[in-house]
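Using the sequences and the hints given, assemble the complete structure.
Protein sequence lines correspond, in order, to chains A and B.
So that you can map any letter, position 73 of the first sequence is 73 in the numbering used here, and since no number is skipped, the others follow by simple counting.
So that you can map any letter, position 90 of the second sequence is 90 in the numbering used here, and since no number is skipped, the others follow by simple counting.
Be a bit skeptical, because a hint or two may be false.
Simulated restraints on C-beta separations [unchecked claim]: (1) B:31 to A:20: 32 to 38 Å; (2) B:143 to A:21: 34 to 40 Å; (3) B:17 to A:18: 29 to 35 Å.
Derived from the structure by calculation, the hints contain no laboratory data.
For each residue, glycine too, the CB sits at the ideal point set by N, CA and C.
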Amino acid sequence: MRVTVRLFARLRDLAGAGELVREIPAGATVAAVWHALVSEYPAMAPYQASVSSAVNDDYSRMDRPVADGDEVAFLPPVSGGAA
Amino acid sequence: MAAITAAPLDPEALVRAVSEGGGHGAVVSFLGVVRGENLQRRVTHLEYEAHEPLAVRTLQRIRQEAGERWPAVRLAVHHRVGRLEVGETSVVIAAASAHRGDAFAVCRYAIERVKQIAPVWKHEFFEGGDVWIEGATANPDDEAARLDAVRRSCE
Chain A
1 MRVTVRLFAR LRDLAGAGEL VREIPAGATV AAVWHALVSE YPAMAPYQAS VSSAVNDDYS
61 RMDRPVADGD EVAFLPPVSG GAA
Chain B
1 MAAITAAPLD PEALVRAVSE GGGHGAVVSF LGVVRGENLQ RRVTHLEYEA HEPLAVRTLQ
61 RIRQEAGERW PAVRLAVHHR VGRLEVGETS VVIAAASAHR GDAFAVCRYA IERVKQIAPV
121 WKHEFFEGGD VWIEGATANP DDEAARLDAV RRSCE
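See the structure below:
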């Protein structure tokens, strides 16, 4: 099946694109999509512990199964900042 | 009441929006402004990027969270994206309540939650380079982070 991967901020810079279309096996989870992405772009590996994800514009857990046509977004840590 | 926009922000419009209907004795607004210096770097400008639909939903979520704890408070949050110069306003929050205590608390709560979970990123350009500012892992279901925002808002 086919998913659209959206990348933001530094992850977008590392991939050189904000949107990628990728074929993934049926039943794959968000985490599987992430791991495939890291294989393709090893520089993203340090984000393993801090990345968040969203599916179809809703925050998602990494163990959520994705469906054909889903949009899966990976989000690096957000702006934060000293209070 | 919740928006992501590339246009310059209008704090007065948010104050008007939360004040509608009257009955509020206090309106508190907060403006986040681009600093000219960050971590001893001289900042030239910032570029804000957002996952826009998710960011709007997240701002709505923050309004809902605030409404659960402070039911009588009206809250508006607008965040800007795109290139911002030093001194420009990147985020505006307005909270209206019968009394000032709750209005201050909700305003503070909202900015803490924006910083924790809104999918908005800051690309800082400074003299000699540029860097993406990365703070917290965005996880709306992290209850400890949410309670930390409550604690800060009630200090």
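We went through each hint and held it up to the structure:
At roughly 37 Å, the beta-carbon separation of residue 31 of chain B and residue 20 of chain A lies within the given 32 to 38 Å, and the hint holds. For the pair residue 143 of chain B and residue 21 of chain A, the supplied restraint of 34 to 40 Å holds, since their beta-carbon distance comes to about 36 Å. Between residue 17 of chain B and residue 18 of chain A the C-beta distance comes to about 32 Å, which sits within the given range of 29 to 35 Å.
When the structure is compared with the earlier hints, no violation turns up for any of them.
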